[in-house]
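Here are the chains, one letter per residue:
Number of protein chains: 8
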Amino acid sequence: MTQLDSFATLDFDRARRCGFPEVVFGLGKTPEQVAAIASKLIEVHEVVLITRVTHAHATALKELQSDASFVENCGILYIDRRSEDVRISGTTCREILASSKGQGKVVVCCAGTTDLPVAEEAAITACIMGSHVNLIADVGVAGVHRILNHQELVQSARVLIVVAGMEGALPSLVAGLVDVPIIAVPTSVGYGASFGGIAALLAMLNSCAGGVSVVNIDNGFGAGQIAHRINAPRWLDLRYN
Amino acid sequence: MTQLDSFATLDFDRARRCGFPEVVFGLGKTPEQVAAIASKLIEVHEVVLITRVTHAHATALKELQSDASFVENCGILYIDRRSEDVRISGTTCREILASSKGQGKVVVCCAGTTDLPVAEEAAITACIMGSHVNLIADVGVAGVHRILNHQELVQSARVLIVVAGMEGALPSLVAGLVDVPIIAVPTSVGYGASFGGIAALLAMLNSCAGGVSVVNIDNGFGAGQIAHRINAPRWLDLRYN
Amino acid sequence: MTQLDSFATLDFDRARRCGFPEVVFGLGKTPEQVAAIASKLIEVHEVVLITRVTHAHATALKELQSDASFVENCGILYIDRRSEDVRISGTTCREILASSKGQGKVVVCCAGTTDLPVAEEAAITACIMGSHVNLIADVGVAGVHRILNHQELVQSARVLIVVAGMEGALPSLVAGLVDVPIIAVPTSVGYGASFGGIAALLAMLNSCAGGVSVVNIDNGFGAGQIAHRINAPRWLDLRYN
Amino acid sequence: MTQLDSFATLDFDRARRCGFPEVVFGLGKTPEQVAAIASKLIEVHEVVLITRVTHAHATALKELQSDASFVENCGILYIDRRSEDVRISGTTCREILASSKGQGKVVVCCAGTTDLPVAEEAAITACIMGSHVNLIADVGVAGVHRILNHQELVQSARVLIVVAGMEGALPSLVAGLVDVPIIAVPTSVGYGASFGGIAALLAMLNSCAGGVSVVNIDNGFGAGQIAHRINAPRWLDLRYN
Amino acid sequence: MTQLDSFATLDFDRARRCGFPEVVFGLGKTPEQVAAIASKLIEVHEVVLITRVTHAHATALKELQSDASFVENCGILYIDRRSEDVRISGTTCREILASSKGQGKVVVCCAGTTDLPVAEEAAITACIMGSHVNLIADVGVAGVHRILNHQELVQSARVLIVVAGMEGALPSLVAGLVDVPIIAVPTSVGYGASFGGIAALLAMLNSCAGGVSVVNIDNGFGAGQIAHRINAPRWLDLRYN
Amino acid sequence: MTQLDSFATLDFDRARRCGFPEVVFGLGKTPEQVAAIASKLIEVHEVVLITRVTHAHATALKELQSDASFVENCGILYIDRRSEDVRISGTTCREILASSKGQGKVVVCCAGTTDLPVAEEAAITACIMGSHVNLIADVGVAGVHRILNHQELVQSARVLIVVAGMEGALPSLVAGLVDVPIIAVPTSVGYGASFGGIAALLAMLNSCAGGVSVVNIDNGFGAGQIAHRINAPRWLDLRYN
Amino acid sequence: MTQLDSFATLDFDRARRCGFPEVVFGLGKTPEQVAAIASKLIEVHEVVLITRVTHAHATALKELQSDASFVENCGILYIDRRSEDVRISGTTCREILASSKGQGKVVVCCAGTTDLPVAEEAAITACIMGSHVNLIADVGVAGVHRILNHQELVQSARVLIVVAGMEGALPSLVAGLVDVPIIAVPTSVGYGASFGGIAALLAMLNSCAGGVSVVNIDNGFGAGQIAHRINAPRWLDLRYN
Amino acid sequence: MTQLDSFATLDFDRARRCGFPEVVFGLGKTPEQVAAIASKLIEVHEVVLITRVTHAHATALKELQSDASFVENCGILYIDRRSEDVRISGTTCREILASSKGQGKVVVCCAGTTDLPVAEEAAITACIMGSHVNLIADVGVAGVHRILNHQELVQSARVLIVVAGMEGALPSLVAGLVDVPIIAVPTSVGYGASFGGIAALLAMLNSCAGGVSVVNIDNGFGAGQIAHRINAPRWLDLRYN
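Chains as they are written, first to last, in my numbering: chain A, 74 to 314; chain B, 74 to 314; chain C, 74 to 314; chain D, 74 to 314; chain E, 74 to 314; chain F, 74 to 314; chain G, 74 to 314; chain H, 74 to 314.
Hints may be right or wrong, so weigh each one.
[Stated by the list, open to error] Once the Cα atoms are required to be at most 20 Å apart in a straight line, the calculated SDA-like pairs of lysine to any residue come out as:
| hint | chain 1 | residue 1 | chain 2 | residue 2 |
| --- | --- | --- | --- | --- |
| 1 | F | K102 | A | N146 |
| 2 | A | K174 | A | V120 |
| 3 | F | K113 | A | V120 |
| 4 | E | K135 | E | A171 |
| 5 | D | K102 | D | Q138 |
| 6 | E | K102 | B | S261 |
| 7 | C | K102 | G | H128 |
| 8 | H | K174 | H | S156 |
[To be verified] Now the in silico label distances, taken between C-beta atoms and shown as ranges:
| hint | chain 1 | residue 1 | chain 2 | residue 2 | range |
| --- | --- | --- | --- | --- | --- |
| 9 | A | L226 | E | G101 | 46 to 56 Å |
| 10 | G | S162 | F | L221 | 38 to 48 Å |
| 11 | E | G101 | B | V159 | 53 to 63 Å |
| 12 | C | H218 | B | V159 | 23 to 33 Å |
| 13 | B | N146 | E | E136 | 18 to 28 Å |
| 14 | H | H218 | G | E105 | 32 to 42 Å |
| 15 | A | N146 | C | Q224 | 35 to 45 Å |
| 16 | F | H218 | G | E105 | 50 to 60 Å |
It is worth saying that the hints were derived from the structure and are not from the lab. Quick reminder that beta carbons are idealized off the backbone N, C-alpha and C, glycines included.
Looking at chain A on its own, in the form it has when it is part of the complex (with noise of 0.2 Å):
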């Protein structure tokens, strides 16, 4: 099967469907094959969203596409096209939040900063999408007075997304706070007993708050999008958010 035939399988009516194009999951595919399927992408979508690539996918995209922007430290690489008033720019997770002109409110809390890469593939995937994001650092359980200096702002959000690695114990934390839904991220950050985020997952899974529910390890593409669709749904009124 040529390179040409896998592009058959894109899911270009997914925008109808689902409210926004199809991701491409970088992991696995050559810096060529995501260029190409990107600029497949871009003809027909305003908007192209790619997750888990290195510094070569950029730099393959960006000689197609020269308007593609890499955020580094997640491995996020986008193409916006849309209107201004919806538009997202910049290559930092703070220049796109700030960037962003997005509805509701979605808050991102993660407990260290070896968590921010998953933390921020969350935050900007829901900003993408058109959420307003907040994100929170360093907030882990073994300094507790953190997260709750950030009380107001916790209680704010319309949905929470918490990332955490070693015994992600944070989200039981922040669901105690709140009564708003939870998305926990396990992360594989740790070591020995961790076992590559095993240990946070179960911990998550086991949360005694309510409110949490739990995605794969390391999974922030797909607690952004949850959350997004939880902060702005499409069946509700827009002017009011």
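Assemble the complex: chain A is given as a structure, and chains B, C, D, E, F, G and H must be docked to it using the hints.
Relative to chain A, chains B, C, D, E, F, G and H alone:
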């Protein structure tokens, strides 16, 4: 520590903080403990929900509170003394869902009849919290036409709860049909290499479809609570529902 | 090997070597075996402690030693014939802790009421060995204000025992509040992906907070013994405690 | 043991016993070893199949046997000197399947494009052994219409091979559409809680649909061989195929 | 949901789609449920098969359908009202296999006598679906002469089912003797490190011999169904069998 | 988030709360990050400790802080500008322990020479925090006379750290010789069924000897910190040490 | 298959091939089955050994064979009608070992009293097969002086069986004292993270001491059989023993 | 700790205690360390054995000891300066086994050619310790005639080492042919659900055949050492061998 002491730990304040009084997890508590705790709660709140109990617990509570209702198939016990426009009634899932005047729409799907108790726990939980709920049973992936026959109802939901044991494939299938959040609930239904629900849990965490987050094995209550929070968020002007 | 033979293996010398007579692990022993062993030990020592027993064991021992006391909630059986200034008494954890004239301070925290039996096993063990012990129940991370309300007591401890099932997050939270050692005890409380305490065990081993070491699932006794050794070390001039 | 010695262990008799000469598993063998073994086999047999090799192995063999063909995408190397009515040719899966004059019908389905190498290994294996094979790619359960669009082809198969990673749900879906045997092949595609293919393997072993049996993770070759034996059994009068 | 409701989910159409009416999995169903479901099915079909039931289920069904037969050793219950040329009868595996006029040949081998219930479930399933079945018991690998003594019968099969617990080695041994497909069934027979069948399951998935695919632990029914489909495929002109 | 931003998260207040400045976990940080963070910390504190770093990190830091010391064998980097009566110095574990004027006594034992890096991380951590530390290497259980030869030193400790990989048996052996707390550290040393330290971890959690608590696999730092807190508690009048 | 049929599978020839008649594994067999099989075997052989049975099995056999003996503590049942110079007798392990005239020396050590049943199964097995056996109980590693007190006996053995649960450390300790083979038997004794014997099993497989091989969890019989074959090999001129 | 220090831990006394000087486990040691340790040992002993090393280690040692020999295929390095009647020589397994004047008979069997390195490690270990060794390669269970062709040799052994990866079935097969002890060695050969040797390890622990004990995954050395101790026990009058 005497039994009375343990009342001190009841969280009477939760209704204000989280929108619904503390729910009692009955597993591992004696009938007497459950009856005492529930009676204490109903003094303060208008509605009390207890999950994972048996006939013996129901009998013990009914002696103290004659208006308690027991849903045997899924082990739910409740007392509802709210005003009529939100009050539910009945002792089967069907009756309860029919009695509801809830808002929005939560749809609960389950794969096999053995998954029904978990699905009903989810449905009744969301319903008693104030959501309008529909339950679709026996739509496993091995007969794909079954879920497709319900496509319209599925697509009318603001959030779906998908319950499945064994290979846990149903959430991926459903997620491909909608663009709203899916709460996936693995069940311990199965034998051999289902490992008490691990097979279904792993499948759901690895769902290739967007929008799926997961709760603990057999955690119908948790799924129902999250779904209600997504379906009828407190930040939303309720007139619009 | 007859039952009498097995007495030969009792380690009568342990009190001198380790500061407290050998403790009997009751699980898997018959009431008769426990009664016989305990009676043999009390001939030589002034105090005997037996863990993990049921009502039947207590009855069997009381027939031989009428001053034996049974703490039903956590399955502890003991005989204390020491001089009054160290002797404990009572058949509930509360009574025993109140009767103690122990030194220093051990604080035991537990997350949920179902964790109480393990927490009480730990508290009574440390108490009978000679420590002053406080027990704080129901301070799970989902209501962070609860542990913060006890902050002064927590910070007055020389060592803490933190008991938790499910996601096992409490030790990390507590460890962030103090600079003394924390003994974390995972419990088998939970269902589904708690895997009989594995989730809590892994979380505790991966604690991001300093000062946390871990014992086996449900091993309240072990935690109590270690805590006592830290709180009242034999190398310390006792006048200073 | 010298390299020459190891030829003694080649099973030259297998073609007579099992209908096709011994297939060489290339993983862990050096290019030189593969080239030597394949050259030894082609002296005795008209066709040689080698799986799991890289470009280096292909180069080494082509130096000795210039008519060797390498299918890079799935790491298959083969020499086919059989008579023209059964001989296959080509260096892509598509070419090989097109060149075949095989009998009956084997249909290979795979969920995602990253599953393609395993699916191609299965397809080429069945094809070179003498089956007519069709390959349907990218029909994952998240877009159920995709497999339904191929329903006629799926139902024309005598046996199906269904290849999927991640949640491994596709075999259950396909099995509900047909009444012929399904060989399910879990792949190691995925991350986090896919655990290198365990999630897909468990899902397939727990399939709620009838007719599904499973081979090892990534074992496309094994699936292809079994499918051929089901599609074109030696006990069947071949005129009827 | 009342019991009557659940009839709505019976798949009466399966016989046409898949060649045999829906089979009832009895595990977890009450005697009353099984009796009711089977009675409903036999109104529409000429033959009904129920697996994993106990004496109590058999008694309940016989009260409603006096011609139901129960095979106690493997927990199979069936009603066969087909015409005499395909009808089976008897209450032991031996009697049933002897009563069959099935076509082709399925051979079932099992390693130890404790594996017999699973082997019989497989044999009776294939037999009632229309295959001619032979069962060879107690041919474990520790006495290799035993299976070799049956070599002629083994080699006459169109498909083999090989059932084994503990180390699960028998499928590899048998697969070396034939060139037809092998369905391997791991059983939960064993103790300690057999982990309820995991050891046998892993061994079978890793079989070094060609042609082996695997079903779930103790899934004799699944193996029998697959074997029948391979032995007597619907695409085959039946005169040739 | 720029690198400078991440300084905001450094916990400058920890020295006051917990008795020693925040320790930097180097694994996963770049040389530049480590150098920048350590330089920032040394502005505020008199001593900085960094664990799990390589030669490259050491070089980067030394360019900024020429008095940084690197202990290559266990990957520890530190700057110590405290007054001479507590300052340590040296670039091997031996030198550092010899330079210490610490109080009390911590004894670190390890089973094999491959366990030495973890043992040294523990020893240096406790030493730099202010404990007097002795390290006994190569006293594995397979030569029991070796640990017995050190019995006097072992029994003079206020707390022991016991480091072992493979079967992890040493803590049980040592715990039988003393009545002070044992911190057991499993290491990832081993192969095959050691599963990266799981075998040792499980053995230690199941120790039949009293007084043993456990930290994460390879977590020498954690063990050293806990041991120091037990050996030199802040509640103790320091004149007595 | 009737019960009589299953006799056909008894391996009457094993005594000639393997030096001792087939041993019956009682677990999962009914009292009637065990009584029938043993009676059949004793017709042909002079000695019959049955393991893993309960009182009920013993009663059933004694009704048929009044000279059957039952060792309740380890669930062994045997009939010995050999000539007096090899015959054993007694109903406790102690009596049987004392009655033996076996050759060479097998020493069985076990860690705790709860490990005794497995140790006795091993000891009696080796003894009835013809070895001289000594059993040393309660020599766990937590009191190392205990095994050292038996050093002379330990070093006089030709082979040792070392039985231990929990952390499974004893085999490594013993292996350091001798240069003969050690058969290590993990037991399921323990709780929590012992995982039914997995902790001990892994520890033994990872023993740092030479000469240790391992059998399945609780497999005392297997260890006894292997030890006998090492202690009294058939290739050895028996006069020399 | 300097490198010289670590010599202090070499166990020079082991040769007297255990019959052969300490063997060096090379994995994780640098070429320089191995060369230094081996040179130190050869000063005291006449023979030195090092396992798990690479070409680099061999080169480093040969510079210091020109008579060192390296067996590349299995990573063994040795120096043999014993008297000619026991000395071995050669750089392949075949040469070494041929050069041996060892006593008794050890037979090593392995399933596949990829298992050869482990089998050779076992064979050379037993050989250098003084056993006569035969090695039979490529006798996997999938071609049962292969091991049966060697039946006479197999049955002449005093002890067998059976090496297998993947499904690990060979030990059970071989154990059924003999009545001497079998040392089973699982290898990490395989992929997918072989889990690095776990599948083979579990299969061997669950062997239904008598006489099989197991060592760690890939532990050829351990198996060789045990086999030698069984084949040529020190308690045996050596004239009889």
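Hint by hint, here is what the structure shows:
1. K102(F) / N146(A): holds (13 Å)
2. K174(A) / V120(A): holds (15 Å)
3. K113(F) / V120(A): violated (41 Å)
4. K135(E) / A171(E): Given that 20 Å is the threshold and the Cα spacing comes to 23 Å, the pair is violated.
5. K102(D) / Q138(D): Holds. K102(D) to Q138(D) sits at ~18 Å (cutoff 20 Å).
6. K102(E) / S261(B): holds (15 Å)
7. K102(C) / H128(G): holds (19 Å)
8. K174(H) / S156(H): Between K174(H) and S156(H) the Cα gap is close to 11 Å, so the pair holds against 20 Å.
9. L226(A) / G101(E): 46 to 56 Å: Given a distance of about 48 Å, which is inside 46 to 56 Å, the answer is holds.
10. S162(G) / L221(F): 38 to 48 Å: holds (42 Å)
11. G101(E) / V159(B): 53 to 63 Å: With Cβ atoms ~36 Å apart, the hint is violated.
12. H218(C) / V159(B): 23 to 33 Å: At roughly 29 Å between Cβ atoms, V159(B) and H218(C) fall inside 23 to 33 Å, so the hint holds.
13. N146(B) / E136(E): 18 to 28 Å: Between N146(B) and E136(E), where Cβ atoms are some 25 Å apart, the hint holds.
14. H218(H) / E105(G): 32 to 42 Å: Cβ of H218(H) to Cβ of E105(G): about 41 Å, so the range 32 to 42 Å holds.
15. N146(A) / Q224(C): 35 to 45 Å: Once the Cβ atoms are compared, 36 Å apart, the range 35 to 45 Å for Q224(C) and N146(A) holds.
16. H218(F) / E105(G): 50 to 60 Å: holds (55 Å)
Hint compliance for this structure: hints 3, 4, 11 are broken, all remaining hints hold.
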